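Q: These are the residues of each chain, in order.
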Amino acid sequence: MSENGGNGKLVQLTGKDFKSDQEVRWCPGCGDYAILAAVQSFMPELGIPRERIVFISGIGCAARFPYYMQTYGMHSIHGRAPAIATGLSTSRPDLSVWVVTGDGDALSIGGNHLIHALRRNVNVKILLFNNQIYGLTKGQYSPTSPLGTRNKSTPMGSLDWPFNPVSIALGAEASFVARSIDTDKKHLTEILRRASAHPGSAFVEIYQNCNVYNDGAFDAVKEQTENQIRLEHGQPIRFGAEGERGVRLRANGSCELVDAGDDLLVHDEHQEDGALAFALSRISHTPHGPTPIGIFRDIERPVYDELMAEQLETAKAERGEGDLAELLHAGDTWQVS
Amino acid sequence: MTGNQALGLGLIAASTQSKLPLFLSAYPITPASDILHDLARHKNFGIRTFQAEDEIAAVGAALGASFGGALGVCTSSGPGIILKMETIGLAVALELPLLILDIQRAGPSTGMPTKPEQADLLAVMFGRNAESPVPVVAASTPGGCFEAAIEAARIALKYRTPVFLLSDAYLANGSEPWLLPDVAALPDISTEFAEQPNVDGGFMPYQRDPETLGRAWAIPGTAGLEHRIGGLEKEDVTGNVSYDPDNHDHMVRLRAQKVAGIAADIPELEVDDPDGASLLVLGWGGTYGPIQSAARRLRKDGKKVAHAHLTHLNPFPRNLGAVLGRYDKVLVPEMNLGQLLKLVRAEFLVDAVGYNRVRGLPFRSDELAEAIEAML
Chain S
1 MSENGGNGKL VQLTGKDFKS DQEVRWCPGC GDYAILAAVQ SFMPELGIPR ERIVFISGIG
61 CAARFPYYMQ TYGMHSIHGR APAIATGLST SRPDLSVWVV TGDGDALSIG GNHLIHALRR
121 NVNVKILLFN NQIYGLTKGQ YSPTSPLGTR NKSTPMGSLD WPFNPVSIAL GAEASFVARS
181 IDTDKKHLTE ILRRASAHPG SAFVEIYQNC NVYNDGAFDA VKEQTENQIR LEHGQPIRFG
241 AEGERGVRLR ANGSCELVDA GDDLLVHDEH QEDGALAFAL SRISHTPHGP TPIGIFRDIE
301 RPVYDELMAE QLETAKAERG EGDLAELLHA GDTWQVS
Chain C
1 MTGNQALGLG LIAASTQSKL PLFLSAYPIT PASDILHDLA RHKNFGIRTF QAEDEIAAVG
61 AALGASFGGA LGVCTSSGPG IILKMETIGL AVALELPLLI LDIQRAGPST GMPTKPEQAD
121 LLAVMFGRNA ESPVPVVAAS TPGGCFEAAI EAARIALKYR TPVFLLSDAY LANGSEPWLL
181 PDVAALPDIS TEFAEQPNVD GGFMPYQRDP ETLGRAWAIP GTAGLEHRIG GLEKEDVTGN
241 VSYDPDNHDH MVRLRAQKVA GIAADIPELE VDDPDGASLL VLGWGGTYGP IQSAARRLRK
301 DGKKVAHAHL THLNPFPRNL GAVLGRYDKV LVPEMNLGQL LKLVRAEFLV DAVGYNRVRG
361 LPFRSDELAE AIEAML
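Protein chains in written order, with my numbering: chain S, 1 to 337; chain C, 1 to 376.
Chain S with its partners taken away, still in its complex shape (with noise of 0.2 angstroms):
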């Protein structure tokens, strides 16, 4: 991306531009100083300018993020990011909004909105940081700890079934879902990269450490990259070290891990329906073992800010300007001498 420099000459932007002159204040060792990273390096190459980029975030750790972006922003309160990202984005089409939200944030107290942003087709893109605990609040679980989780708020252990991002986004009909890890700054960006060419919806898992309340969350599948099940479109589901081993679909249409043969599903992230892409998301429930990573579902659906602005062209095609003198004049109205 390139900006006026102010004296006529284009300047070429970095992802220093991006940084603002706040002082990042997250726990040193943060997984969520990887992603901010990836974000700002990535950010040029989206080929905004920069005044037209709007973070908006909720509340918790990861919300604080909007604060270290050379953009506009709004941090906001808890879970309302995609309602607030919802009224943006309609009423200014010309803008890029993102969300960025925790696990909490967008899965607890945000669920209602989350799923109705995804179910739209509002043109936002969610960023998920997904660390399986309450950061921000000291350490509770969250609705993506695993069952059992022992912490302050759960010494016997949580009771509560963990949600699945992936599963609840494919649920709620999102029109592109994908997961990525904060560490891998090349997978990242990738996603990013489709995330932000996706018109409509883009909800991105990102597996993010939280070294102080749930260090190594994670880990099965950052550390063991041979659990990583890396989906390509077109290319038939492998993963292990030496990709031995693959995905094939059982006659149920679930999915189930097998030694590699030449009977391994081959990944459509355009299929219509989803089936496919929530069957892949249900290999890992929680990420223990092999788990998909990338882009399980990328369709095309009509974007609500585009059908917003259709109608409104079409009443001002069809009726005319609005005039208010009209309208006050329209009706049954008499005169009184």
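For the record, the hints were derived by calculation from the structure and aren't laboratory data.
Hints are not guaranteed to be accurate.
To be verified - Here are the simulated EDC-like cross-link-like pairs (lysine to aspartate or glutamate), alpha carbons at most 20 angstroms apart as the crow flies:
(1) S:316 / C:38
(2) S:186 / S:226
(3) C:43 / S:326
For clarity, every value in this text was computed on a predicted model and none was experimentally measured.
Dock chain C against the given chain S, drawing on the hints supplied.
A: Just chain C now, kept in the frame of chain S:
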């Protein structure tokens, strides 16, 4: 013309008079839904209507639209209003314009959804966490809803603040002949967006207009003025997050002072007192009609009664204290258990008396006349 129709037209007028696109969001609720229905039919005015998934999303979307430079409005009634309060508190901290219409109905809880009441006044005044002042405007007649909508929008835009506009189920569905407003005479309520750096070559989002105390409002898309706002306490001027004790005290007072200062910018309270009465009947909102006719009825019998009616409830008109001081007796009829009464007694130390009925029915002029007469 019904109150809800007049509100819809008033919002359209507020949009044309502010030159800002209207974004109206709502979750269906009686007796407010008709405003959404009406505005959804007028998209040729560039109006975006959004039926949200819940009350909280409705106000959130309106605030998001305001952040983007639209006239963000949401409509609801008591139970929905309460759900919106956290977001309205955010709007107080963000200092962004936002209009919240509360078409009051009988409560508590689901109450009697089709029946009028005036019992949300204290909720909209105080129903948020911490010191969170919000201006309140109340329509007095169905036709008056039109002007009230424009006035509420004017205050919101000029002072960068959320504003409550109160109506009720009686005004909403009550109908009256309406003198068509002269469009050319409607006020210009346009506001200016920041377009240039305002302090030492940088942009300080909480730099204020010294007169209104409204902050600089730069909307996304304005090059060079990129900034972040949020619900965490702001440092004055810079808008940076601040936990400084003195700054917090200063900001709490500033926000209060900004709202209180609106009193200089609203009309003085007019008193209808043709005969030099010693009793003042002070009303607000939808009781205007019955109080007026009760006063007329008594005057016909040679009794002296004064009537003043508030459309601005926060802040009060700057002469309200003086007006109250001129009368020996003050009667405050309300369709609640004495909410305005509490406010005026607390604010002005006057020994005002309430007349309170909460039957889900508008006052009748004969019952009011009787109550007034009993005090004469």
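Q: With the threshold set at 20 angstroms, check whether the alpha-carbon distance from residue 43 of chain C to residue 326 of chain S stays at or below it.
A: Given pair residue 43 of chain C, residue 326 of chain S holds - Cα atoms ~15 angstroms apart, limit 20 angstroms.
Q: For a C-alpha distance cap of 20 angstroms, please report whether residue 186 of chain S and residue 226 of chain S respect it.
A: 17 angstroms, holds
Q: Compare the distance between the alpha carbons of residue 316 of chain S and residue 38 of chain C with 20 angstroms, and conclude whether the hinted pair is satisfied.
A: Distance of about 16 angstroms is within 20 angstroms: holds.
The structure fails none of the hints (numbered hints given earlier).
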